[in-house]
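2 protein chains.
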Amino acid sequence: MARPREFDPDDAIERAMNVFWQHGYDGASLADLLAGMGLTRGSLYKAFKDKHSLFLRVLKRYEQGAVAQAVEFLSAEDIPDGTARIEAMFGGIVDTVVSGDKRGCLLCSAAAGPSSYDEDIAAAVKTGLQQMHGGFSTALAASDIPTSQHATLADLLVTQYVGLRIMSRSVDQLDILTRSAEAITQLLRHPKH
Amino acid sequence: MARPREFDPDDAIERAMNVFWQHGYDGASLADLLAGMGLTRGSLYKAFKDKHSLFLRVLKRYEQGAVAQAVEFLSAEDIPDGTARIEAMFGGIVDTVVSGDKRGCLLCSAAAGPSSYDEDIAAAVKTGLQQMHGGFSTALAASDIPTSQHATLADLLVTQYVGLRIMSRSVDQLDILTRSAEAITQLLRHPKH
DNA sequence: ACAGTTAGGAACCGTTCGGTACAAAACACG
DNA sequence: CGTGTTTTGTACCGAACGGTTCCTAACTGT
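So the sequences go chain by chain: A and B.
Position one of the first sequence corresponds to residue 3 (the working numbering), numbered consecutively onward.
Position one of the second sequence corresponds to residue 3 (the working numbering), numbered consecutively onward.
Worth flagging that the hints you see were computed from the coordinates, not collected in a lab.
Some clues are possibly wrong.
DMTMM-like mimics (lysine to aspartate or glutamate), calculated; alpha carbons at most 25 Å apart, straight line [stated by the list, open to error]:
id, chain 1, residue 1, chain 2, residue 2
1, B, Lys104, A, Asp28
2, A, Lys104, B, Asp120
3, A, Lys104, B, Asp28
4, A, Lys128, B, Asp122
5, A, Lys53, A, Asp10
6, B, Lys128, A, Asp174
7, B, Lys104, A, Glu184
8, B, Lys128, A, Glu184
9, B, Lys53, A, Glu184
10, B, Lys128, A, Asp103
11, A, Lys128, B, Asp103
12, A, Lys104, B, Asp122
13, B, Lys104, A, Asp120
14, A, Lys62, B, Asp174
15, A, Lys128, B, Asp174
16, B, Lys62, A, Asp174
17, A, Lys128, B, Asp97
18, B, Lys104, A, Asp122
19, A, Lys104, B, Glu121
20, B, Lys128, A, Asp28
21, B, Lys128, A, Asp97
22, B, Lys62, A, Asp177
23, A, Lys62, B, Asp83
24, A, Lys128, B, Asp177
My request is simple: use the sequences and hints to build the entire structure.
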């Protein structure tokens with residue numbers, strides 16, 4: 003009943019995600035969002051309540067999209083060796099940066115900025131990183147690395163992921179990124195006894 | 003000649019550093035800075051030009067303080083084994099968080115936020131992380147780890163440092179932090195061949 | 001004592017922030 | 001063909017932002 007909205011809410015959230023991804027929560031202004039989403043103030047506030055609520059929905063979308071995709075990749079058995087999956091993933095992150103995408107990771111940026119003081123956002127970040135942790139764990143389970151080391155190794159990989167993603171946003175650290183990914187490879191390829 | 007200022011510029015920068023450390027560059031408002039530094043607008047702008055310049059001086063101070071201290075610790079030979087120094091350092095970071103200090107690292111936060119788009123700030127962040135890199139390298143030089151692995155390992159440690167510091171700002175990740183530090187210990191203690 | 005110089009303080013600047021109010025426009029349904 | 005309902009667009013809001021101006025107070029050198 004009544005007038006239908008002229009935009010697809012899913013598309014709008016997708017566009018909003020890109021804006022937040024580039025500028026972070028605090029860095030993205032209403033004007034940035036409106037321009038990026040292609041709609042006006044009235045429509046945004048009617049459909050998404052406010053900036054904070056919109057960001058939470060964007061975070062959820064990010065989890066269901068980028069994060070879930072990463073977890074799926076880490077769990078996919080078309081690469082039988084779990085360590086190879088992890089290596090490929092970190093390599094892919096570096097490639098992303100090399101090809102010019104310096105947005106990093108939406109969750110990691112949210113964890114670093116002032117927005118991390120918001121408990122809703124902090125909770126979303128936490129669950130997102132836990133999903134990543136789960137992905138690394140399943141990948142490690144498909145490796146020849148002793149099970150006793152999986153727990154600590156998974157945490158190291160999460161931390162490494164966050165560090166890599168954060169540094170992706172700063173310029174001219176390409177050498178560090180590539181060698182960090184190499185180090186992960188060496189680390190996983192030569193398991194300790 | 004003329005009226006002397008009533009505050010010590012060094013102390014003021016020190017206080018400003020604490021404000022930026024808690025809130026980040028963009029998150030710290032003029033009101034925050036003035037309150038934290040204990041002076042008024044006129045004095046601040048007369049002595050430090052503007053917020054941006056003040057932050058650059060704060061970053062320099064941070065390098066000469068916290069960063070240099072970390073590098074010194076990694077280079078100090080009162081702990082003969084380099085790996086032990088690195089382990090102690092990461093352990094210290096975790097302890098800092100446990101004791102309630104969730105400020106993380108000023109450089110890392112600057113690298114993550116919108117301020118990273120500023121080239122002056124980005125440059126300062128880069129040199130700071132390079133200093134950390136140097137610290138890790140000298141520590142590795144004082145270890146029994148094969149020299150061929152030092153380069154990549156140092157980069158991994160920098161990335162790990164950044165990740166750890168970023169996650170320090172988010173709540174309730176204590177388990178990940180502690181186990182990440184443990185993982186570093188295991189990694190360094192059981193060198194590969 | 002006085003002139004010169006600088007710090008301190010507060011009022012104020014325009015801009016931008018996130019958010020709201022409301023009228024006009026566009027549709028569904030009877 | 002209205003009538004009711006919802007979206008859309010715009011004008012507007014108060015608050016906070018970083019920054020400037022300018023007057024007064026406080027000191028130095030002569």
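A quick look at each hint next to the structure:
1. Proximity of Lys104 (chain B) to Asp28 (chain A) is assessed by CA-CA distance (about 19 Å); at most 25 Å being required, the pair is judged to hold.
2. Distance check on the hinted pair: Lys104 (chain A) and Asp120 (chain B) sit about 14 Å apart at the alpha-carbon level, within 25 Å; holds.
3. About 19 Å separates the Cα atoms of Lys104 (chain A) and Asp28 (chain B), which keeps this hinted pair within 25 Å; it holds.
4. Restraint check: the Cα-Cα separation between Lys128 (chain A) and Asp122 (chain B) comes to about 32 Å, which exceeds 25 Å; the hinted pair is violated.
5. With a C-alpha separation of about 18 Å, the suggested pair Lys53 (chain A) and Asp10 (chain A) falls inside the 25 Å cut-off, and the hint holds.
6. Restraint check for Lys128 (chain B) and Asp174 (chain A): the C-alpha separation of about 8 Å stays at or below 25 Å, so the hint holds.
7. For a cut-off of 25 Å, the pair hint linking Lys104 (chain B) to Glu184 (chain A) is broken: about 30 Å separates their Cα positions.
8. Taking the CA atoms of Lys128 (chain B) and Glu184 (chain A), the gap is about 20 Å. The hint holds against a cut of 25 Å.
9. A distance of roughly 39 Å separates the Cα atoms of Lys53 (chain B) and Glu184 (chain A); the hinted pair therefore is violated under the 25 Å criterion.
10. A C-alpha spacing of about 19 Å is found between Lys128 (chain B) and Asp103 (chain A), which places the hinted pair at or below 25 Å, so the restraint holds.
11. A distance of roughly 19 Å separates the Cα atoms of Lys128 (chain A) and Asp103 (chain B); the hinted pair therefore holds under the 25 Å criterion.
12. The hinted pair formed by Lys104 (chain A) and Asp122 (chain B) meets the criterion: a straight-line CA distance of about 18 Å does not exceed 25 Å.
13. With a CA separation close to 14 Å, the supplied pair Lys104 (chain B) and Asp120 (chain A) stays within the 25 Å bound.
14. Taking the CA atoms of Lys62 (chain A) and Asp174 (chain B), the gap is about 19 Å. The hint holds against a cut of 25 Å.
15. Proximity of Lys128 (chain A) to Asp174 (chain B) is assessed by CA-CA distance (about 8 Å); at most 25 Å being required, the pair is judged to hold.
16. Restraint check for Lys62 (chain B) and Asp174 (chain A): satisfied, since their Cα atoms lie roughly 19 Å apart, inside the 25 Å limit.
17. For a cut-off of 25 Å, the pair hint linking Lys128 (chain A) to Asp97 (chain B) stands: about 20 Å separates their Cα positions.
18. Using a Cα cut-off of 25 Å, the hinted pair Lys104 (chain B) and Asp122 (chain A) holds, with the two alpha carbons roughly 18 Å apart.
19. Distance hint between Lys104 (chain A) and Glu121 (chain B) is fulfilled; the C-alpha atoms sit about 14 Å from each other, no more than 25 Å.
20. Proposed proximity of Lys128 (chain B) and Asp28 (chain A) is supported: the alpha carbons are some 23 Å apart, at most 25 Å.
21. Using a Cα cut-off of 25 Å, the hinted pair Lys128 (chain B) and Asp97 (chain A) holds, with the two alpha carbons roughly 20 Å apart.
22. At roughly 23 Å between alpha-carbon atoms, Lys62 (chain B) and Asp177 (chain A) fall within 25 Å of each other, so this suggested pair holds.
23. The hinted pair formed by Lys62 (chain A) and Asp83 (chain B) fails the criterion: a straight-line CA distance of about 46 Å is larger than 25 Å.
24. Distance hint between Lys128 (chain A) and Asp177 (chain B) is fulfilled; the C-alpha atoms sit about 12 Å from each other, no more than 25 Å.
Violated hints, listed in ascending order, are 4, 7, 9 and 23; each of the other numbered hints is respected by the structure.
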